[in-house]
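Listed in order, the protein sequences are those of chains E and W.
The opening residue of the first sequence carries number 1 in the working numbering; numbering runs sequentially from there.
The opening residue of the second sequence carries number 1 in the working numbering; numbering runs sequentially from there.
Please keep in mind that the hints were generated in silico from the structure rather than gathered at the bench.
Note that beta-carbon positions come from the ideal geometry of N, C-alpha and C, so glycine has one too.
Please note that the accuracy of each hint is not assured.
Computed spacing ranges between beta-carbons, pair by pair [claimed, not checked]: (1) W:28 - E:27: 29 to 39 Å; (2) W:28 - E:39: 21 to 31 Å; (3) W:7 - E:66: 28 to 38 Å; (4) E:80 - W:28: 19 to 29 Å.
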Amino acid sequence: DAGVIQSPRHEVTEMGQEVTLRCKPISGHDYLFWYRQTMMRGLELLIYFNNNVPIDDSGMPEDRFSAKMPNASFSTLKIQPSEPRDSAVYFCASSLVAGGYGELFFGEGSRLTVL
Amino acid sequence: SQQGEEDPQALSIQEGENATMNCSYKTSINNLQWYRQNSGRGLVHLILIRSNEREKHSGRLRVTLDTSKKSSSLLITASRAADTASYFCATGENTGTASKLTFGTGTRLQVTL
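The whole structure should be built from the sequences, with the hints applied where relevant.
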């Protein structure tokens with residue numbers, strides 16, 4: 001299996017632009033998670049899906065952030081408009097079981113820089 | 001918010017020595033997991049210990065869990081340069097209808113030759 005695939009690996013954009021991050025989970029995994037990693041705040045859970053349905057989006061920082069999972073093999077995290085404080089590494093992870101019960105498989109991350 | 005606090009924040013040892021990292025958490029958990037992150041890469045799962053377990057081994061890794069003290073430790077024996085990475089504890093917990101894995105602050109381990 002190819003593992004969790006994220007794109008792009010690096011994104012540099014200007015403030016105010018729309019950013020879309022993409023994720024392909026491991027086939028057969030029913031759970032998909034979006035995390036954000038910064039030096040100041042560490043790893044934060046933004047949102048997670050079960051069977052393509054958002055279960056908990058309490059970690060999404062504000063309305064500028066949105067996430068979708070149109071099918072079992074694809075998810076997007078969108079930031080519109082982007083701001084410099086959104087600069088971070090965004091990780092997608094997938095799992096066979098709910099996040100509190102088993103192992104998560106992480107992608108390599110998307111490093112976002114907003115100028 | 002972060003559940004786990006790790007200690008030390010950074011650790012530097014020589015190859016062949018043992019490395020011990022500690023994790024403290026605040027709420028009741030289903031399990032506690034440890035992950036490794038190499039620089040610029042994603043996190044990789046190392047080991048999971050359930051709340052009713054006290055100790056678990058996997059190769060050169062030994063994890064202990066003390067639920068009464070809400071703490072865990074990760075021991076890496078006979079360290080190698082390739083063990084250089086950041087190590088994170090993560091607690092599996094239920095919050096209402098959600099089930100989450102919450103990560104700690106991490107320990108940066110440097111293993112020198």
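Handout entry: Those earlier numbered hints the structure runs against, lowest number first
Key = Checked against the structure, the only hint that fails is number 4, while the rest are satisfied.
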